[in-house]
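Residue numbers (my numbering), protein chains in the order written: chain E, 247 to 456; chain W, 5 to 222; chain P, 446 to 701.
Please keep in mind that the hints were generated in silico from the structure rather than gathered at the bench. Just so you know, even glycine gets a beta-carbon here, dropped at the ideal spot from N, CA and C. Misleading hints may appear alongside valid ones.
To be verified - Computed, partial: chain E to chain W, Cβ under 8 Å: (1) Leu307; (2) Ile308; (3) Gly316; (4) Ala403; (5) Ala414; (6) Gln415; (7) Ile418; (8) Ser420; (9) Tyr422; (10) Met436; (11) Gly445; (12) Ala447.
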Amino acid sequence: MQKVYPFFLEAAWTTVLLSVLTAVLGLICGTLGAAARLSRFALLRFFGAVYVSVIRGTPALIQLFILYFGGPQIGIQLDAFEAGVIGLGVNAGAYMTETIRGAIISIDKGQREASRTLGLSQWQTMYKVILPQSARLMVRPLGVNINALIKATALVAAISVVELTYTAQRYIGSTYKPFEMFLLAGVLYMIIIYVTGRGIAWLDRKVQIT
Amino acid sequence: MGLDFSVIPKYLDIILLGCAWTIGITLAAAILSFVGGIFFAVTALYAPWLIRQPFRLIEWLFMGTPLLLQLFLIYFGLVQIGIDLPAFVAGIIGLGLHFSVYNSELIQTAILSVDKGQMEAARTLGLSRTEALRKVVVPQAVRAVIPPIGNNMIALLKDSALVSVIGVSELTLSAQRAIGATYRPFEFYLLAAACYYVINLAMEWMQRKIERRISISR
Amino acid sequence: MTDQPNFVEIRHAQKSFGTLEVLKDISLSVERGQIVGIIGSSGSGKSTLLRAINDLDPLTGGEVWLDGVQVNQTLSHRQYEKHINQMRQQVGMVFQHFNLFPHMTARENVTMAPKMLKGLSQGEADKLAQEQLDKVGMLERIDYYPSQLSGGQKQRVAIARALAMQPKLMLFDEATSALDPELVDEVNQVMRKLAEEHMTMIIVTHEMDFAASVCDRVLFMDQGVVVEEGPPSILFKNPTQPRTREFLRKHLEAAM
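Here chain E stands alone, though its shape is the one from the complex:
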């Protein structure tokens, strides 16, 4: 049993790395997606809506497979880790798009009106009035997105990235101790999720103060 610990710890580190990179890419995609969905250009709104609908309407696993196994056919060569980060990041971005958009449109329209009547432009209004308020509403639901994303990193086990789930599966196969291996990986996942959750809660308190 002790022999497997180092492998699990290393795998946990890979999972952390995957989660962080995926979250960053997800936030970027989510911000762009929300901007597109709220754009005044119909074409951008359309692309934003298609992005959200297609990504949320199909399994993340299939998206990963298309990117990793199908990518080379259209000239995209990625190693498994890269494909994992990009696939999961783009996937998380679709969910984050809706979170961010929801937080923005939930701000009372009187706020926009008050700002515009003072003579502020659309962009100034967004930047000074709307975003600071919606940022507070976003932290918690984005935390939920990130929690889901950490668990979704397990999917890259299916394209052979050596992270926690892959490692657990490998040692379940070789040790015939499914419960122990599950618990070991499970505890590590829960630590990662717990620490992230505390971080989100801290951030949430921080932005709520005023």
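For chain E, the structure is supplied; the task is to place chains W and P on it using the hints.
The following block gives chains W and P in isolation, referenced to the frame of chain E:
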């Protein structure tokens, strides 16, 4: 290598069979997760402290770890303790349990939000606590909870792709089989994605219809 | 139309949402320093008319002029944005629900726009905030957040915020309708003070007494048209139109 979609028709029957399996597994797991969700919720709210604890542990484990890991545990774990189930049964159990926990969260909130007066009214009519729960409180909670559970079921459809990893021949694995024969991953995974998307749209459509019906009887 | 437009001039204003006509060919002019009240039941179009003046609810037909410049011009998006922001800087607006920025203190609410749009330094902005908040009697609450203020206090800060842009014209959209009765007076007093300083104001209100005592002229609107207008002494005491009489009678009964 380029793309060539002309290989698809030859394998269309395999893919369609995969679709049927995916729909069947999703449906079975959905029913299991619904019943399981009610069971977990009622246990969490009303069972004695000692009985609640193991269930809390299960919920905690299932919410804090990835579904794929849970599927591995159930598939290999059941074999370990001498229960050799076909992969698709293990898959249905895994998906069903996983979503039971998520449904339970929703149902608990819904039960708590059912007016306290309803329980009191039922009790004054002479119903026992269990009867009042079964006949009055739970049916009302179930109505309130159907729309969000619909979202969980759509998530369940997409997560059903994961059971391909433990060897269940549903849509994703069918696509993989076709790819094994043709070396055309892009085409077949895209086809599988399209199938999932269509099933997903159908589920969203049904969800809207059901929501409209419930909103009348509330 | 060759005649010189008045300070504020609305010509043949029309507004419809789909088939519903909210404003039906309304014309109105206001001279510099004048105070005009608009009364009428809800749905009469009075708020829509007010909000058309700074193009918050753009008209579907007609023109709005302010100080010789047409407000609702048809321009390319970019040009329109530039033009309308310029126009709106000259028009202060006070809303029924205050619409203070909840993430900013009273000081920040007042100084944000002048700092961003007029390039005021922090020092100048602070001085401005003190002046304006003092004027509305809110100086001692300068560093409070809106959530720490009562409705009347919020509305006074909102007025200070609008005044800080040194507008030529102030629009009040039922500024006291959302307030508890005991808080109405403190806001009315601020508006009276502005009247004494000869600020040009257009006031949509439910308060007949206030309109009677402050306004130079009052319009009664019903179903998208101006039914009757005149000095308050005449409109409130001897209305000529049956609809005006009906409205005032109902309003009086409701107040009793």
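The hints, checked one at a time:
| no. | hint | in the structure |
| --- | --- | --- |
| 1 | Leu307 | holds, 4 Å |
| 2 | Ile308 | holds, 5 Å |
| 3 | Gly316 | holds, 3 Å |
| 4 | Ala403 | holds, 6 Å |
| 5 | Ala414 | holds, 6 Å |
| 6 | Gln415 | holds, 5 Å |
| 7 | Ile418 | holds, 5 Å |
| 8 | Ser420 | violated, 11 Å |
| 9 | Tyr422 | holds, 7 Å |
| 10 | Met436 | holds, 4 Å |
| 11 | Gly445 | violated, 16 Å |
| 12 | Ala447 | violated, 16 Å |
Checked against the numbered hints given earlier, this structure breaks hints 8, 11 and 12; the rest are met.
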